[in-house]
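Protein chains in written order, with our numbering: chain A, 84 to 626; chain B, 8 to 332.
Treat the hints as calculated values from the structure; they're not laboratory data.
One should not assume that every hint holds.
Stated by the list, open to error - Rough simulated footprint, nothing fancy, chain B against chain A, three-plus residues with beta-carbon under 8 Å: (1) 297 to 310; (2) 341 to 350.
Unchecked claim - Now the stretches of chain B that chain A is said to cover, found in silico as 3 or more residues with beta-carbon under 8 Å: (3) 276 to 287; (4) 293 to 304.
Said to hold, decoys possible - Residues on chain B that point at chain A, a partial pick, calculated with CB under 7 Å: (5) N54; (6) G57; (7) V69; (8) V172; (9) L175; (10) I177; (11) Y183.
Think of the CB as a built atom: it goes at the ideal place given N, C-alpha and C, for glycine as much as any other residue.
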Amino acid sequence: MKNVITHPGRRRVRAAAVLLSAAALVLTGCASGGSDSDTDSSDVTLIDTGKEIEEVTVAFPGSLANLYIGQESGILNYNLAATVQEGLTKQDADGTIVPALAESWETPDPSTYVFKLRKDAKFQNGDPVTPEDVVFSITQAADPEASPGTYYYLTNLASAEKTGDNEVTVKSVNPDATFLINLSNTGAVVVTQKAFWEEHGGNVGTSDSLLMGTGPYKVTEFQPDSHVQLERVDTWWGGIPKAKSIRINFIPDASTRLAAAQKGDVDIAFNVPINQAETWKKIDGMRVESLNDLSYVGLMFDQNVAPFDDIDVRTAIAQSIDRDAITEKLLRGYGEAATAIMTPESLSNAFGGEEARKELADLPQNKYDLDAAKDLIAGTPADGLKTELTYPNTGPQIGIAAQAIAESLKKIGIEVKVREVPIEEWLATIGDGEHGLSFMWYFSTTGDPSEVNGYLLGPDNPNAFVSDKAAALITEANALTDPKERAEKLLELEKLNAEEVVNAPIWWGKSLTAISNTIGITDYSPYTFTGVWGAQLFAAEVK
Amino acid sequence: MASRSVARNKLARTLTLRIASVLLILLVLSFITFTLLYLAPGDLVKNLLGNRPSTPEAIAAVRAQYHLDDPFLVRYVDWLLSALRGDFGVSIRLQQPVTMVIASRIGVTTGLIGLSFLVAVVSAIPLGILSAARNGTRIDRASNAVSLFGLSAPSFALAILAISVFALWIPIFPAYGAGNGGIDRLWHLVLPAAVLAAGIGAILMRMTRAAVLRELESDAITFARSRGVTEGTIQRIALRGALIPIVTSAGLILTFIIGGTIIVETVFALPGIGQLLQEAVLFKDLPVVQAITLLIAAAIAIITIIVDVSYLLLDPRVRARELNA
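The shape of chain B in the complex, shown without the other chains (with noise of 0.2 Å):
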């Protein structure tokens, strides 16, 4: 029961621990943001009084009106008090509160993201395994081939090819939108999905097929081969010790679905983070950018927090290791 209570101890100190550096790196990196997108070219006034003539007295009035003169630090200083608070301004752009901007786009995405890390999942993760399983033959080469494919072909390409395909020759799926809710909004998720899923479906694929293969080809596999193991359970052995590196492969890439949502929002015109966030960049939406920048962060760390205590539930020696030191 002691040790018990003290491994307890040690995971709730790791785990403060690790949310403690969060709040660090999404401090440093709300100043990151703030300063690249001062320095970024693009002048707010200009976009707010679009390719018209403006008298001084108007620029000046617009100026004041979102604090354009105050100095870099002030700016953001003020801009760090807010967030503080749970304020996090309005958007200039689309002229409503950003956690309303956030709230109303976030579904999309979330849906979006979550479908194609589930078809990357699914289809990627055992082909990876088959793939190692029957290593050198015609499946691997054929798995490889898609993989392949997957990884370099780029998402707008991909997506473009995918509403011809299967919205205009074999009329399945709509071609762009959201949909309306329900049944219908993930009708219209399945084709940007896919796209999404194709790329990093392609990386989780190798990796998995790597770690299995790595496993396979160990001392420990060699010598319970030598030992007459069935190969059934040769492969459970080995799968068991490629899970880790699977998981860290597939925590990874559900970050960098992130920057793909954009140019997948964009061709299939579905009003999410990624569009947002874009247009909110070129805009100069100050409060926009930042609170999506600090939420994909976050969200990126706490991806990596579950991923890493879940180590602790996949490995025995890890978690020997971890608790018990």
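In isolation and in its complexed conformation, chain A is listed as follows (with noise of 0.2 Å):
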């Protein structure tokens, strides 16, 4: 934050959102986050003039095949189902895990959830939520053909049953600390009817079959390539909320996005681009807010592939990307040069904002080094190298860090062409066995601190990465409960990845989100929109 007072014509050094009355938000960026960019928060002061809003229009980049997140689990679709269904948890603005259609929970052992529901949760067609839903739901989100996209999360469940007329007891084959986010709507679990699934044979989320769950707003239409219509009920148990309905469409052209918003179609565009952040500044009634999006960007390297198997070649690799520069020049401060794989926002149980970030700079690092990497680089098998680097459609701002790593390999004699393609074709090259360097860009819903770096580490980790001391690491760490104990573990384990250099990190991610100054938001956070983000809407004036 030091550069900001020093910077002319910014007089004021915004924090955390001000509370000016019970109502009245000052919405700027995370207090916790380091980097100058927070300061590109709006300055603008809201006022809840308590008004009902007739229908709130958000703009997505892309559409949504499927909404349930079981079979469709990108951000987007956590987005979505997040104001939709509950799971039993979940998270609030810290990112700590509160009771969603639980009430409460005890834990009479590390191994064993016994969860009391809500007695007045509802579905959404009126019906009261049974054990028997809940049970189902779990055991649906565990099965890797119902739900492909998070049954992953839930193989440590050992069982889930109904314990009690509002009881579910759930137990895991192991202690585990992330156990319980993985039960909430960030993590696995979005509790749905049973009845309801099976009259669409488990074929749910789709534009004939919708949702059916317990959150404050419900699925009343589902075109695929246009549009999600969402209307209030009258159903949920934290209340009624203020904007009558949700209109998300799908516009993946970002030209046509801004237009809708120039010409005032849009009251909430999510991910706006950072090449056009400066344009959609300048629109007449909006904000543009910035905040750590809890991401990872980072480069990978198939150990299977020579030369990549040469740690000197991996550590020259490293001491090559320009981190400073990437994320100030190229990214326009839309970002954080990463010192490890976990985001300092995932250690705010165990750390303080700052106190994290110095944990995580404190790591070993390969800094930017040319002359150091040149050094290493003479006499690995990696000298006049020429290798691929491919970078998804849908992240232009990969595009750029990775032209700008090229050119810096370049004068380490190693070449690389860099290639954009669609992102299905490079979900396809992660850990193909084929690809010696490429690119990971992981969205973490939970912010568990292990949720990123378990996976690029632990088991069946994509960069074929064999190692008995990091599996032991991530067992350790996911048994201990107190989170201080636990976040000293996975730094242990960061060590590991920066000696060994099994990922070199980049950046954290920050995510732009445009919104009309007529609509607040309470609790802005990182993980707002991961949570019930459409009961948070309130009618805005500016101040």
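Combine the two chains into a complex, taking the hints into account.
This is the structure we're talking about:
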């Protein structure tokens, strides 16, 4: 934040959301953010008018094919489902696990969770939520065929049973600190009605079966490549939201999305492209908010592919990445140079924001040093290497970084051909045993510290990295319930990653959201759009 | 009477042969599409599981669910046998029957294509005729310049320009979306249809101009002129001679449009067949790709047959050659 004060023309330094009155909010960036771009958040002060909103129009940058997160599990699927279907637990604005459908829970032993369900919880058709529905939903979410997108989070599930009129007991195979979060809507569990599921033969989330949930909004219409219509319900235990309906339009083309916003047809636009940020900011009556979005971008090395099995080659490549230049210049501050895989936000339960940043920065780093890289690469099989680096068409910012990295690698004698491919093709290259060098781009939905590094270093990791030590560290970490002790273990895991250069972290991402000044959002944080955001909207006026 | 029934039989035989050859082409095409999609980059399992960890057992379960481990030919024959029974399968990406998915999209695309074809025909053909009749004049040069613009401007750039001008600066039309049916749908389709019509209209205008010009310069017309036939009659004769090339090019162009819909539907966020096809190809959603490819091929074949049959109506010489030979 230091730079901000000296920055000419910026007189105000904003911090956390400042509560002006019970309902008036200043919507700004996350207070824990240490990078300059936090100050790019809007400085509009909004007042809650207390009025109802007829309809909120949301623009998504791409279409959903299926609304059920078990079937299609992109970040936008989670964003949409979050306000329609609830899990047993959810995350609050800080990422802390709090009750959702379960009003409370007990853990008689580290592998057992006894959930008391809310008596006033109802499905959107008015039926009460039964323990059978909850058990059924968990079982489906853990089945790879019914829920290919979420089953992995529940591989540690031992059993889920009804143990009382309003009680469900869920057991894990091993004690697991991530287990509770996986029973939330940001993990794997969104509770649906058993009868509804069976009526559609398990084909839910399509345009003719839609979704059944317990959230404040129900889906009334879904047309892939066009829109989703949400209507508020009066069955939600949490009360009645302000916005009567929410229409989500899928607008894949960035220029069209911008034009629609300029025309005043959009109230909230997700994922504003970084290269258009300045234009969006000029739209009258809209503000652009940037928040760390719990995403990670880094390079991966497939250790089955020569010469990336050579640690000197991996180190030299990691040393050729100018993270600061990429985040400051190419990403225009909408990203933070990553010193590890896990984000500082994911450690918020263990350390405060700045402390987490310091802990992560103290890990061994492969700092940008082309001379050292050149020395290291000499004599390795990578001398004169020609390779390819692909990036997904949905991440143009990754393409910009790829060009910069290719430029640096050229200087140490590695020729990299950068190629944009459809995201589907990019997905297929991850861990395919052919692409030695590739990008990892991962949106963590839970924000749990082990979600991404557990994937990239643990068993079945896509780097072909074999390490009993890493596997043991992950198991040990996840068996610990104390956030600080767990964080220590995960820091050890990150140290191992840095020393072995399994992955080369580049940046932690930020998402830009453009919001009309007639709409306010309470408790705006990186966790907002994976929570019941529909219920957090209010009619606003600029103060 | 006898000669007329012979002619009808000949027509029936010609049509039967044509339809049989179309079916054969569709069969070959289905095999080629199947092979190309099989060889294309991407991995269905990864698309289904997303960028997430997965266990080998789960990958095996998903592969088994979609028969991905069956030999290539077995998979093709399975598909073919189902398709012959009228069962085009279930879209893997959308988890809905393919026929239902296509049915929900076809309205937007046929509306878009129909409207753009109409716009192209009513604007380009008269312009082409006028341009040929006023060969070398300022009108000719101006219409050539317009067609050059339509021909060379890329659809996506033209689409964005159209949105900026007619949805933002002069806010007459909506910027995106397909509207809510009826007049609203038509209103939403005007801009995308105009963009799509620009390219094909330009081709059609050029072809019309060339065909009419060729007729006007033919010996028959020169002779007619020398006999003192009025200019109006001459133009009518020339136009009749030019009709076959014009209809042929119009038919060909209709098949071109289908490719253009992918771009236009994406920019204008229209839920049509074009967007569906593009996403299905990327996702390796084989049942959808197969069904759409065959649908498009069948549509092209039908258009071609209609164009051929129209020759019989348009030109007595063709009629005589085809039916009385």
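Right, here's what the structure says about each hint:
1. 297 to 310: With 5 residues in contact (Cβ-Cβ under 8 Å with chain B), the coverage given for the segment 297 to 310 of chain A holds.
2. 341 to 350: Since three or more residues must qualify, the claim that chain B covers the segment 341 to 350 of chain A holds, with 5 doing so at under 8 Å.
3. 276 to 287: holds (count 7)
4. 293 to 304: Since three or more residues must qualify, the claim that chain A covers the segment 293 to 304 of chain B is violated, with 0 doing so at under 8 Å.
5. N54: holds (5 Å)
6. G57: For B/G57, the interface hint holds, since the closest Cβ of chain A sits about 5 Å away, which is under 7 Å.
7. V69: Hint holds; B/V69 Cβ to chain A Cβ min 6 Å, cut 7 Å.
8. V172: Hint violated; B/V172 Cβ to chain A Cβ min 10 Å, cut 7 Å.
9. L175: holds (6 Å)
10. I177: violated (12 Å)
11. Y183: holds (5 Å)
In the structure shown, a violation is registered for the earlier hints numbered 4, 8 and 10, in ascending order.
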